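Student: Counting in our numbering, the sequence shown runs from 1 upward without gaps.
Honestly, the hints are just simulated from the structure, not real lab data.
None of the values given here were measured: they were computed from a predicted structure.
For every residue, glycine included, the Cβ atom is placed at its ideal position computed from N, Cα and C.
Heads up, some of the hints might be wrong.
Claimed, not checked - Cβ pair distances, simulated, as ranges:
{"no.": "1", "residue 1": "Asp75", "residue 2": "Pro22", "range": "21 to 27 Å"}
{"no.": "2", "residue 1": "Met56", "residue 2": "Pro159", "range": "28 to 34 Å"}
{"no.": "3", "residue 1": "Leu96", "residue 2": "Pro6", "range": "17 to 23 Å"}
{"no.": "4", "residue 1": "Arg81", "residue 2": "Asp43", "range": "42 to 48 Å"}
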Amino acid sequence: GTYPLPEAQLDRFLLRVSFGYPTGEQEHEVVTARLARRREEVDIAPVTDAEGLLAMQAAVETVSVDESVSRYCVDLATATRAHDDVLTGASPRGSLGLVLAARAFAVLRGRDFVIPEDVKAVARSVLAHRITVRPELWMTQASGRRVVDAVLAAVPTPPTLEHRDRR
């Protein structure tokens, strides 16, 4: 079997993404494709190489983040620590993860700067797995995702200033 990772190890993962289950039709397509192949192995073409990966990382590093947006990332992470349902909130790695993931999201959207909506788009994937809810709430609906949703609703979003000097 597998065991849950300790908080300190979970905190080292930048993102946790869940795709859920496929629909019944999609799952049947998977089974049909496997039967048609008549073998287990699947050849998957690489989408990039080491050089391409380094170039993508370099592109993310060029994305500017306004101070108001970086403070927003910190405010979101610190708000998880003060939430009533939380035993352990997001560490400073959570703030750093929000900035990095938001920069990457901005690149995917064709921008060289981060807007607050980029932070919101990645917040659940970056923060939820870093949050431990209080043990007495484990049998309730309390979860890291709900805490992230609550802090997104509570923490003021910085205004987007289109003509301000970006850092």
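Student: Could you run down the list of hints and mark each one as holding or not?
Tutor: Tested hints:
no.	hint	result
1	Asp75 - Pro22: 21 to 27 Å	violated, 37 Å
2	Met56 - Pro159: 28 to 34 Å	holds, 30 Å
3	Leu96 - Pro6: 17 to 23 Å	holds, 20 Å
4	Arg81 - Asp43: 42 to 48 Å	holds, 46 Å
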